[in-house]
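In terms of the UniProt record's numbering, the numbers along the sequence shown are unbroken and rise by one, the last being 314.
Hint data in this document are derived by calculation from the structure and do not stem from the laboratory.
Misleading hints may appear alongside valid ones.
[Unchecked claim] Subject to a maximum C-alpha distance of 20 Å in a straight line, what follows is the list of computed EDC-like cross-link-like pairs (lysine to aspartate or glutamate):
{"no.": "1", "residue 1": "K206", "residue 2": "E187"}
{"no.": "2", "residue 1": "K91", "residue 2": "E177"}
{"no.": "3", "residue 1": "K287", "residue 2": "E146"}
{"no.": "4", "residue 1": "K143", "residue 2": "E295"}
{"no.": "5", "residue 1": "K238", "residue 2": "E193"}
{"no.": "6", "residue 1": "K263", "residue 2": "E295"}
{"no.": "7", "residue 1": "K164", "residue 2": "E117"}
{"no.": "8", "residue 1": "K191", "residue 2": "D37"}
{"no.": "9", "residue 1": "K209", "residue 2": "E177"}
{"no.": "10", "residue 1": "K91", "residue 2": "D37"}
{"no.": "11", "residue 1": "K91", "residue 2": "E117"}
{"no.": "12", "residue 1": "K25", "residue 2": "D51"}
{"no.": "13", "residue 1": "K291", "residue 2": "D234"}
{"no.": "14", "residue 1": "K62", "residue 2": "E117"}
{"no.": "15", "residue 1": "K143", "residue 2": "D223"}
{"no.": "16", "residue 1": "K291", "residue 2": "E160"}
{"no.": "17", "residue 1": "K209", "residue 2": "E160"}
{"no.": "18", "residue 1": "K25", "residue 2": "E160"}
{"no.": "19", "residue 1": "K25", "residue 2": "D50"}
{"no.": "20", "residue 1": "K143", "residue 2": "E284"}
{"no.": "21", "residue 1": "K206", "residue 2": "E177"}
{"no.": "22", "residue 1": "K143", "residue 2": "D234"}
{"no.": "23", "residue 1": "K287", "residue 2": "E210"}
{"no.": "24", "residue 1": "K70", "residue 2": "D37"}
{"no.": "25", "residue 1": "K70", "residue 2": "D50"}
{"no.": "26", "residue 1": "K62", "residue 2": "D37"}
{"no.": "27", "residue 1": "K267", "residue 2": "D223"}
{"no.": "28", "residue 1": "K62", "residue 2": "E38"}
{"no.": "29", "residue 1": "K191", "residue 2": "D50"}
{"no.": "30", "residue 1": "K291", "residue 2": "D223"}
{"no.": "31", "residue 1": "K143", "residue 2": "E233"}
{"no.": "32", "residue 1": "K206", "residue 2": "E233"}
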Amino acid sequence: MFEHGNVPRLSIIICTYNRAGLLSKTLDSLLGLDMLDEAEVIVVDNRSTDDTAPVVRRFVDKYTSMIHMKYLLEPVQGLSAARNAGILAAKSPLIAFLDDDALPARTWISTIVNTLESRPRVMAMGGKVAPIFESGRPNWLIKPFEFPYTIMDLGNRIKEYPGKFHPCGANMAMRREVFNVSLFPLELGRKGESLLSGEETWLFGKIRKEGQSVLYHPQMAVDHFVPASRLTEDWIMKRYYSQGLSNALGSSGQLGSLSLWGKTAAKVLYIAADSVLAAISRNEGRKLLNKCRLESVRGTFHMLRNRNRESATG
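Taking the hints into account, I'd like the entire structure generated from these sequences.
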């Protein structure tokens with residue numbers, strides 16, 4: 001029983017797809033968290049074909065007296081659809097998202113609950129995400145690549161997220177009222193093995209447009225697994241191409257498309273200038289970064305061209 005009757009102080013949503021082994025480690029890591037008895041955990045299985053369901057069932061059977069957990073099967077493929085299913089099932093006015101390959105710090109729940117309950121102006125929050133590299137950090141993985149790899153460290157001080165930074169999906173929390181008008185857009189976000197994204201940028205952009213606070217808290221920390229299969233130049237280039245597609249998908253209307261065309265053209269000019277400097281400095285990471293930026297541009301132009309063709313054909 002929760003302290004406030006049938007309402008938990010925090011609803012934790014873990015969306016998963018075909019990563020039963022990693023999910024098992026994440027579920028085990030929850031057992032050591034402070035205030036676990038004041039939270040509910042919702043595991044949303046997005047049509048996994050591995051042992052995800054048996055893993056969750058065994059965990060619930062073993063720890064039923066220690067943790068409030070429910071299992072949902074979401075048949076619509078896509079991370080946004082899975083997150084939306086979790087949101088609709090959540091009972092708490094405070095909702096947190098944790099990746100199925102993330103290990104939260106002991107104070108993760110208490111930091112979220114105490115911060116949001118004591119700071120009514122804060123609408124959403126996130127914190128540190130430290131990588132667990134399966135095969136070591138590549139030499140080319142320079143600072144600008146950290147955000148695409150869900151690495152986040154903005155220091156040890158509580159503060160507003162600066163500039164275009166925002167919480168990572170592996171480690172974010174918000175008030176339920178964020179979703180009163182709209183849930184996550186289904187056209188954005190990962191779907192199966194695709195690398196589409198943009199749903200988190202959309203969410204936090206919406207929060208900021210409404211003048212609400214998005215807070216970074218260093219004690220809201222998780223360790224996040226980065227598999228060897230993603231630590232390749234091919235993968236990061238595909239990630240940037242998919243980001244370009246996502247940028248175009250996230251723009252709406254003729255004005256939005258025109259604005260994106262302009263921003264993308266300006267980006268091309270910047271990449272051209274920076275590529276010259278990268279060649280002079282012989283910095284391999286910087287050279288790869290500009291290749292990735294061009295892939296992002298290619299993805300954006302590809303999606304915008306397809307959209308214009310569809311508009312022209314009615």
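Here is how each hint holds up against the structure:
1. This hinted pair checks out: K206 and E187 have alpha carbons roughly 16 Å apart, not beyond 20 Å.
2. Note on K91 and E177: the hinted pairing holds, with a Cα-Cα distance of about 12 Å set against a maximum of 20 Å.
3. Note on K287 and E146: the hinted pairing holds, with a Cα-Cα distance of about 16 Å set against a maximum of 20 Å.
4. Of the supplied pair hints, the one linking K143 and E295 holds, its CA atoms being roughly 18 Å apart against a limit of 20 Å.
5. For a cut-off of 20 Å, the pair hint linking K238 to E193 stands: about 12 Å separates their Cα positions.
6. Simply put, K263 and E295 have alpha-carbon atoms about 15 Å apart, close enough for the 20 Å limit, and the pair holds.
7. About 26 Å separates the Cα atoms of K164 and E117, which puts this hinted pair outside 20 Å; it is violated.
8. Pair hint K191 plus D37 does not hold up; C-alpha atoms about 32 Å apart against a cutoff of 20 Å.
9. Of the pairs offered as hints, the one joining K209 and E177 holds, with about 15 Å between alpha carbons and a cut-off of 20 Å not exceeded.
10. For the hint pairing K91 with D37, the CA-to-CA distance comes to about 14 Å; that is within 20 Å, so the pair holds.
11. Restraint check for K91 and E117: satisfied, since their Cα atoms lie roughly 16 Å apart, inside the 20 Å limit.
12. Taken as a hint, the K25 and D51 pair is honoured in the structure, with Cα atoms around 14 Å apart against an allowance of 20 Å.
13. Restraint check: the Cα-Cα separation between K291 and D234 comes to about 11 Å, which is no more than 20 Å; the hinted pair holds.
14. Between K62 and E117 the alpha-carbon distance is near 32 Å, which puts this suggested pair outside the 20 Å criterion.
15. Among the hinted pairs, K143 with D223 is consistent with the structure: their alpha-carbon atoms are about 18 Å apart, no more than 20 Å.
16. About 31 Å separates the Cα atoms of K291 and E160, which puts this hinted pair outside 20 Å; it is violated.
17. Straight-line distance between C-alpha atoms of K209 and E160 comes to about 15 Å, which keeps the hinted pair within the 20 Å bound.
18. A distance of roughly 31 Å separates the Cα atoms of K25 and E160; the hinted pair therefore is violated under the 20 Å criterion.
19. For the proposed pair K25 and D50, the alpha carbon gap of about 16 Å is at most 20 Å, so the pair holds.
20. The straight-line distance between the Cα atoms of K143 and E284 is roughly 13 Å, inside the 20 Å bound, and the hint therefore holds.
21. For the hint pairing K206 with E177, the CA-to-CA distance comes to about 12 Å; that is within 20 Å, so the pair holds.
22. Simply put, K143 and D234 have alpha-carbon atoms about 18 Å apart, close enough for the 20 Å limit, and the pair holds.
23. With a CA separation close to 38 Å, the supplied pair K287 and E210 exceeds the 20 Å bound.
24. A threshold of 20 Å between alpha carbons decides the hint, and for K70 with D37 the separation of about 14 Å falls inside it, so the pair holds.
25. The suggested pairing of K70 with D50 holds, with an alpha-carbon distance near 19 Å, which does not exceed 20 Å.
26. For the given pair, K62 sits about 16 Å from D37 by alpha-carbon distance, which is consistent with the 20 Å threshold.
27. Pair hint K267 plus D223 does not hold up; C-alpha atoms about 33 Å apart against a cutoff of 20 Å.
28. A distance of roughly 19 Å separates the Cα atoms of K62 and E38; the hinted pair therefore holds under the 20 Å criterion.
29. Taking the CA atoms of K191 and D50, the gap is near 17 Å; set against the 20 Å cutoff, the hint holds.
30. The straight-line distance between the Cα atoms of K291 and D223 is roughly 29 Å, outside the 20 Å bound, and the hint therefore fails.
31. Pair hint K143 plus E233 holds up; C-alpha atoms about 15 Å apart against a cutoff of 20 Å.
32. Proposed proximity of K206 and E233 is contradicted: the alpha carbons are some 32 Å apart, above 20 Å.
In the structure shown, a violation is registered for the earlier hints numbered 7, 8, 14, 16, 18, 23, 27, 30, 32, in ascending order.
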